[in-house]
Each structure stands twice: as structure tokens, then as C-alpha cells.
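Q: Sequence:
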Amino acid sequence: MIRSKCNMEFQEDILGEIISRLPLKFVVQCKLLSKNFNRMISHLEFAQILFQRHKDTSTQLIYSNYDERLFSKFSLNPITRSVTISSYDSGILDICNGLILFEFELTMPPSRCCCVFNPITGAHQLIPFPKSPEFELETTGLTVDYPNSDQYKLVTISKVVENSSLFYKFHLLSSERSGLWREIQLRTNTFISFSDNLYVYWRNSLYWLRSDGIVLAFDTKKEEAILIDRPEFIDHYVLSYGKVLTSRDMSGSDIWLGRAKDLLTLVCIFRKYIVIGTYDRTSSCWRVSHTLDNFVLGPDGNIIGFPVWIDSKQVSFLVQSTSPGYRDLYEYDAKINGYKNAAVLDKVDYPVFPSNVSLCP
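Residue numbering for the sequence shown follows the numbering used here, beginning at 1 and increasing consecutively.
Accuracy of the hints is not assured; some may be wrong.
Once the Cα atoms are required to be at most 25 Å apart in a straight line, the calculated BS3-like pairs of lysine-lysine come out as [said to hold, decoys possible]:
no.	residue 1	residue 2
1	K131	K222
2	K261	K131
3	K169	K261
4	K131	K35
5	K272	K221
6	K261	K159
7	K169	K159
8	K313	K335
9	K159	K131
10	K159	K221
11	K340	K313
12	K261	K313
13	K221	K169
14	K222	K272
15	K313	K272
16	K272	K335
17	K169	K222
Keep in mind that the hints were calculated from the coordinates and are not lab data.
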């Protein structure tokens, strides 16, 4: 009996090793073979193995063309391109650890809702936004702890004035308690608009960049919110290298917030240089990590490139190519301590969402 049990465990280990090396779409199909296969593939331990095995080869850059309702995807290593047509008036709000967050405008009855969608498994869930005046809702965020958990959380931010006091009002929903929104508030002295940056999910918290350089952070586990001070180095470099005003058709900002090499990262574009800073949560301060020649500034003085956050690498950039409609992917090369052209991609629009594998239900 003991030998039989050991043989079964050995066979499961061998099968798990084989399945984890298959293309992701075949891994999902294997869940349908039997209850035992489904149990094994759905286990968090297998999810961690699968994530580590595919995290470098499954990196994708996804973006949407709102005029044509197209969702385009570039897969890296090797580079391939595919296009999906949306059947609804929807837009991508963001992508977190393999799950895509869409926003919908429903007509019957008129309302706004979002959809959490897994492109690997095809699983999805429609979620109505919490009840609040439409003009109050500022932004929405998605957090996914995969591969450590198969749960996700949604966070919305509203700006509210109550009895002459200013508050950021957060509504939090967990997939563990579907349909139940919880409310958290943070008092503030003034309302500053958020930049056109996407929010960032890093170490259990969501981060939003304001147009004044201050970052609003919300911890989804502690359910607490704080404001992170504007980096001191920004003003220093403005005086030394001259701030750049970018064209609004790119991103509307010359400061980007993102995550690279598992660090909360700020990219600032100045007239002469690109300055990359990282946030030290222990000391609660920003530190400059790289200062580079400005290779994303066009002859007319407008920025012609933007960062893409491929988390396993230093910050990468997509820069307008000399060929119309194309962009060059620049990646950091440690050997030359600088950036080099790694690939050419066609018809890529801002914003671009990096994505990796997830088998969350």
C-alpha cells in the first residue's frame, strides 16, 4: 500500500513536470482531462512552478485601439503579434499578473461596470461599480497576488468633499466576498489631478502618480492609504537640465511611474537626460539609480518614446522609429551600461500593458 502511494506521488511529480513545460493553452486544456489533473494544475504550488518557468518566455505587450475596438498583443521571445476584436464598447483599464480589467458602458439599464478577464483560461466576471456620483469616480485598480493566491481585489478612488473637508474615498472589493464593496477614507489638504500614468501594483499596494509628483498609495491588505512625498531629485534636475513639456498625444506627462526588477520606479524626462529613480520603502525616499542621455526626444522637442515596464528587466522604452508606424524597443544592456535597439514593433499605441501567465479562475 505504501509502495502504491509512493508510485502515485512519483507519477504525479513526473506528470506535473511534463505539463509545466507545455505551452500555456495546452496546460489549461489538461485541466479537462480528469479531476486529478484539474486539482494538480489548480494547486498554488503548481502555479508557482508554472509562473517561474514561463515568466521570461510569456511576457506580452498588450494595447488597445479605441477607434477600431481592437486589442493587439505582442509576445516577446520570440516576437509574434495577434489582434482581437472587441464586441463591446470597452477599454482596458489595466492588466495585473495575467488578468485584464475592462470597463464597460451598459445601456440596459444605463450603468458602468468592469470585467475581470483571464485570456489564458477564458474565465471572466462582470462587476458593477459601487454606487457613487459618476463625476466623483477618478480611477480603478486591480490587484492579483498570483502565483501566491488565486484571488483578486478591485479598488476605486473618488474625490469627496464632506463638511468642508477633503477626502480620497476608496472602495475595495475582494473576489473572496464578491459583490461586497468596503469603504476607506484618507483626508487630504488639496485635490491634485492624477497624471495620465497607469497605476502600479507593487508589494500588496496600489500606487497612483499625481500631476504634482506626489504618489497616492493604498495597501490592499492593511486597507490603509498614504501620500508619498514628491521626489527631491526632480527639482534638482529641473534646474540643471531643463524640464520638457511633452505632446499630449503620447501620454500627457514627462514623468512615468512603474515597476521594474521588482522596484517601484520613476522615469523622468528632462531636456538633456532621462533620470530613473527607485523608491526605498524602508526609508520612505526616492533614490536616483540611472542617468542617461535623452534618446526619446525628437528634433521638434517633443518626446517620441515612453517606458514599458517589463518587470524582470530594467526599464525598457518604445521609441518612434524612422519608419512610419513602427516603434523600436530599447532595452538596457549591462555590458555597455546603456540602451540598445532590441526589436522593431509595428503599430503600437500608448498605453502598453505588460502581462505574464496566470491560471487564476
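Q: Now look at each hint and say whether the structure bears it out.
A: Going down the list of hints, with the structure as the test:
no. : hint          : verdict
1   : K131 <-> K222 : holds (23 Å)
2   : K261 <-> K131 : violated (37 Å)
3   : K169 <-> K261 : violated (31 Å)
4   : K131 <-> K35  : violated (40 Å)
5   : K272 <-> K221 : violated (41 Å)
6   : K261 <-> K159 : violated (32 Å)
7   : K169 <-> K159 : holds (6 Å)
8   : K313 <-> K335 : holds (14 Å)
9   : K159 <-> K131 : holds (14 Å)
10  : K159 <-> K221 : holds (22 Å)
11  : K340 <-> K313 : holds (13 Å)
12  : K261 <-> K313 : holds (5 Å)
13  : K221 <-> K169 : holds (17 Å)
14  : K222 <-> K272 : violated (41 Å)
15  : K313 <-> K272 : holds (24 Å)
16  : K272 <-> K335 : holds (23 Å)
17  : K169 <-> K222 : holds (16 Å)
Of the numbered hints stated above, those contradicted by the structure are hints 2, 3, 4, 5, 6 and 14, listed in ascending order.
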